[in-house]
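Model the full assembly from the supplied sequences, consistent with the hints where possible.
Residue numbers (my numbering), protein chains in the order written: chain A, 1 to 147; chain B, 1 to 138.
Please note that a few of the clues may not be correct.
Reference excerpt, derived from the structure (chain A facing chain B, CB under 7 Å, subset only) [claimed, not checked]: (1) GLY43; (2) PHE51; (3) VAL70; (4) ILE71; (5) ILE101.
Derived by calculation from the structure, the hints in this document are not laboratory data.
The model shown is predicted, which means the values in this text are computed figures rather than measured ones.
The C-beta atom is built at its ideal place from N, Cα and C for all residues, glycine as well.
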Amino acid sequence: MVNGHENAPDLRGYDRFVVTAPAGTLYRGREGMWSWVAQRITGALTFFFLFAHVLDTALVRVSPDSYDSVIATYKNPFVNVLELGLVGAVLFHALNGLRIIAIDFWSRGPRYQQMMLWTIVVVWLVVMVPGAYFMLEHTFAAIFGQA
Amino acid sequence: MTASVPDIKAPRSQRRFGSSGRSNFELCSWLFMRMSGVVLIVLVLGHLLIMNVLDGGVQRINFAFVAGRWASPFWQVWDLLMLWLAQLHGANGLRIIINDYAERDATRMWLKTALYLSAVLVLFTGTLVIFTFDPNLT
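Shown next as structure tokens:
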């Protein structure tokens, strides 16, 4: 009697054929999954920003003063750092979007998906480091004073 | 002697969703995300570069700066195309997120109603502003 059932097949000795899901599979918990999560988060955040941004720009139709005063918010040092975050999110979303297109349309895309993710991470850093310098230049000067 | 025979479909017959049959809406949505995404890479990254990085970045932006740019049809078309593609791309992305996470039918319906209303508001306002911009406004 095996497995508590009289008629159950005798599976003794077949243990090595039983595939158990390891903690991380090819996708779950690995680069593929986290890039998917990051694509959703960066996309949703950018969508909410776009809603605010179209409406704040619409103030050019109200009066030059009201537009200039809402744009002054963007020049505030704290908001300037948030803008850097927005640029970083959009740039990741764009680069990872190209990777997704390559996975979908390029025959070898799925095979190189992991390598492509690390490639776009490097490209992201190469663009963001000088980008952060130029975007925060004025904010640094405002906070720490011109050297 | 008649026995009721259960209606068994032929193997590999097409699955039908609802009474209206299949639609390729989701295929179009999938393709639209990729095609609009490629165009948006140029439009949005160009916009971010001009507005935030080049020539003093955000510090130089004011009403006069906008008036100078929208004097050119090139930037009007750029901004109009970017507005429509970004809003449709983003709204479609949020539609997919809502479908994935909102499990109750009523919740999904209300969230998507709010989403579509906000998309119409943004597209209408943005388009109106680009077409009716007045550089001499005081």
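Does the structure break any of the earlier hints, and which numbers would those be?
3
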